[in-house]
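**Student:** The chain contents come next:
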Amino acid sequence: MSTLEIRGLKVSVDTENGPVEILKGVDLTIKSGETHAIMGPNGSGKSTLAYSIAGHPKYQITGGTVTLDGVDLLDMTVDERARAGLFLAMQYPVEVPGVSVSNFLRTAATALRGEAPKLRTWVGEVKSAMSALSMDPSFAERNVNEGFSGGEKKRHEIMQLELLKPKIAILDETDSGLDVDALRIVSEGVVRAKADNDLGVLLITHYTRILRYIKPDFVHVFADGRIVEEGGPELAEKLEANGYAEYVSK
Amino acid sequence: MSTLTTNYLTPTGREEAWRFTPLKRLGGLHNGTFKLATRNTLALTGSAPAGVTFERIGRELVSAESATDDVIVGRIHEAASEITVLKIAANTELAEPISLHRLAGGLMDAELSRVQLRIGANAKATVIIENSGDHLLAEDIEIICEPGSNLTVVSLQEWDSKTIHAGRQHAIVDRDATFKSIIVTVGGDVVRLLPTVEFKGQGASVELLGVYFATAGQFFEHRMFVDHLVPNAKSRVNYKGALAGQDAHTVWIGDVFIRAAAEGTDTYELNRNLLLSDGARADSVPNLEIETGEIVGAGHASTTGRFDDEQLFYLMSRGIAVEDARRLVVRGFFNEIVSEIGNAEIQDRLMTRIDQELEKAGAQ
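Residue numbers (numbering that gives the first Met the number 0), protein chains in the order written: chain A, 0 to 249; chain B, 0 to 363.
Where hints are given, some of them may not hold.
Unchecked claim - In silico DMTMM-like links for lysine to aspartate or glutamate, alpha-carbon gap of 20 Å or less:
1. A:30 / B:307
2. A:57 / B:108
3. B:23 / B:108
Unchecked claim - Listed below are several chain A residues computed to face chain B (Cβ distance under 10 Å; list not exhaustive):
4. 57
5. 81
6. 93
7. 159
8. 232
Calculated directly from the structure, the hints in this document are not laboratory data. Remember, it's a predicted structure, so these values are computed and weren't measured experimentally. Just so it is clear, CB atoms sit at the ideal spot from N, CA and C, and this is done for glycine as well.
With these hints in hand, go ahead and build the complete structure from the sequences.
**Tutor:** Below, the structure written as C-alpha cells:
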C-alpha cells in the first residue's frame, strides 16, 4: 500500500519577466489502487503539476511538500523519484537518437530493479508487453521515440508503465492525439497495470473520453493553478455536459 | 634538422589551411625540424586473402596518383623511399575485411609513411586500419577506386595520449565506383587529417563519415575537400564529435567544390558537435563553392550544442542515474556512425573507449 501526498504545492517558472507562479497551493492524496482524474482547461497548470512531481528542472518549487510513503520526493533527483516508485507518462515523449528501445528498457529496468534482468526472462517480458499493446516486435530495434507516430509514442509510454511496475503513475494527457482504437489499447494497458500491480493513478486529461475506459474513483477540477472542485465520477459527466466555463470565469 | 630539400613554404599559422592548427605541437612535421625515422610500421594483420597483395615498393616504381598543396604531404612524397601498396584485384569480392595496423613507433623521430590502396574494377572490399600506441607520424594514404569498385576504408585513431599524427586520405574515385570512409579519432595529442576526394568518373558515389572525441588538451582536426570535377557524382559527409575538458579543441572543415563541368552533382554535408563541458572549443566550417546551377542538390548543416536537458530528464524519469543517462545519450549520438563500421568487436571497443573518454571528462 503506497500513498502519494501533495500538500500546499506551489510552483513557479522563470520567464523573461521574472518568475511566474503556476501552481498556487495544490493538495491531493493518491493511494495504491485508486484512480484520480485531474481535469481542467488548457493552461490551468495540470502538466506543471505532473512535471513538478517528477522533478523537471524547469519548475521551481516555492512551497509545500510531496511525499511518497512519507518520504520527501522534492529532495530527490529525478532518477531517485523514479526508483522510489513514481512514473510519469509524458504528453510529449522525448526522442533519444541512436538509443534503441530495447537498450533503453533494459537500462531502465536494471536501474529500477537494482540488477540487470535475466536475459532469458527479460526478452519474453518485453515481447509480451509489446504484444499486449499491439506493437510490432521490430519496435524494440527502433530508436527511442524517433520517428514514432503520436499513437506509437503513447503505446511506448504505457508499455514502460507495465514493464517498470511503479507504485504511482502520473499520466499526462495520455489520451491526446489518439484515435479510438489506440485509445482503447492504451487504456487497457493502464487498467492491466492497475490490476497487476495495485497501481495508483493520477490521470491528467482535458477530455472525458478516456474515463470511459479508465474509471476514476475521484475527479478533481483544476483551474488557475489549484483544485477548485472535487467529486466522484459524476463530476466528469457534469464537465462533459457543461465544459469548464464556470471555473474559468471564477 | 631533417635533410629534406622541399621548397614548400613553411606555414606560419596565418594561412587558411593552418589557422586552427597548433603548429608548435606538430613535432616539426610542418617545418621540417624533425629527425627522420627509417621505420615503416604499417603491417598487414594476418595473411592476404586471394586477390590481395600487400607489399613495399621502391618509390621509383610507383607514380604519384595525386597532386597536393599540403606541405606535410609534400614532404612525405619527397622523403618516403618506399611506398606500402595494398592491391585488391579486379572482380575480387571479399567477405571479410582486410586489416592493417601500426607496429610500435615512437616520438623521438618522425615516420613519413606513404601508402596506396588500390581496388580493381568491380571488386568489393573493406579495409580497416588500426592505429594505436604513441607515434610521431606523417601519413599519406592514396585510395584509388577503379571503375565499378566498392571500397570501405575504416581508419581508427585509437592513439595513446602523446601521438602527433598529420595525414591525408585522398580518394580518387572512378566511374560508377562507391567509396565509403569512416574515420574515428579518439586518441592522440594532435591529430590533423585531410579526408579528400577527387571524382574521376561519372556515376561515382562517396560517403565520408567520422567521429571524434576530444578531452582536455587534445586537438583533433578533420578537414575534408570533396572535388566534384565530373558530372553526376554523389557525395555525403557526416561527422560527429564530442568535446569535454579544458582546451579540448576540434576542427571540422567541409570544403565541397562543384566545378562548372559537374552537372548533376548531389552533395550534402553535416557536422554535429556535442559540447560536454566548459572550456572546450569546436570549430565547424562548412563551405560550398558552386560553379554550376545544373545540380541535383547541394546543402550543408552544422550544429554545436550541449546535452539536451529534455533527453536527460526523460531517461532519468525512468530511474536511470544521470551518469548512465549521459552515457546513453553520448553512445546514441555516435551510434549512427559507429554502427556503419559493420564489425561488432571494433564497435564494442570504440563504444567502451567513448565511455572511458566520457568518464575522464566527468572526473575533471
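**Student:** Does each hint fit the structure? Answer for all of them.
**Tutor:** Cross-check of the supplied hints:
1. A threshold of 20 Å between alpha carbons decides the hint, and for residue 30 of chain A with residue 307 of chain B the separation of about 34 Å lies outside it, so the pair is violated.
2. For the proposed pair residue 57 of chain A and residue 108 of chain B, the alpha carbon gap of about 55 Å is over 20 Å, so the pair is violated.
3. Proximity of residue 23 of chain B to residue 108 of chain B is assessed by CA-CA distance (about 16 Å); at most 20 Å being required, the pair is judged to hold.
4. Hint status for residue 57 of chain A: holds, given a least beta-carbon distance of 8 Å to chain B, under 10 Å.
5. For residue 81 of chain A, the shortest C-beta to C-beta distance to chain B is roughly 4 Å, which falls under 10 Å, so the interface hint holds.
6. About 4 Å separates the beta-carbon of residue 93 of chain A from the nearest beta-carbon of chain B, less than 10 Å, and the hint is met.
7. Annotation: interface hint on residue 159 of chain A holds; nearest CB of chain B at approximately 7 Å, less than 10 Å.
8. Hint on residue 232 of chain A is violated. Least Cβ distance to chain B is approximately 29 Å, over the 10 Å limit.
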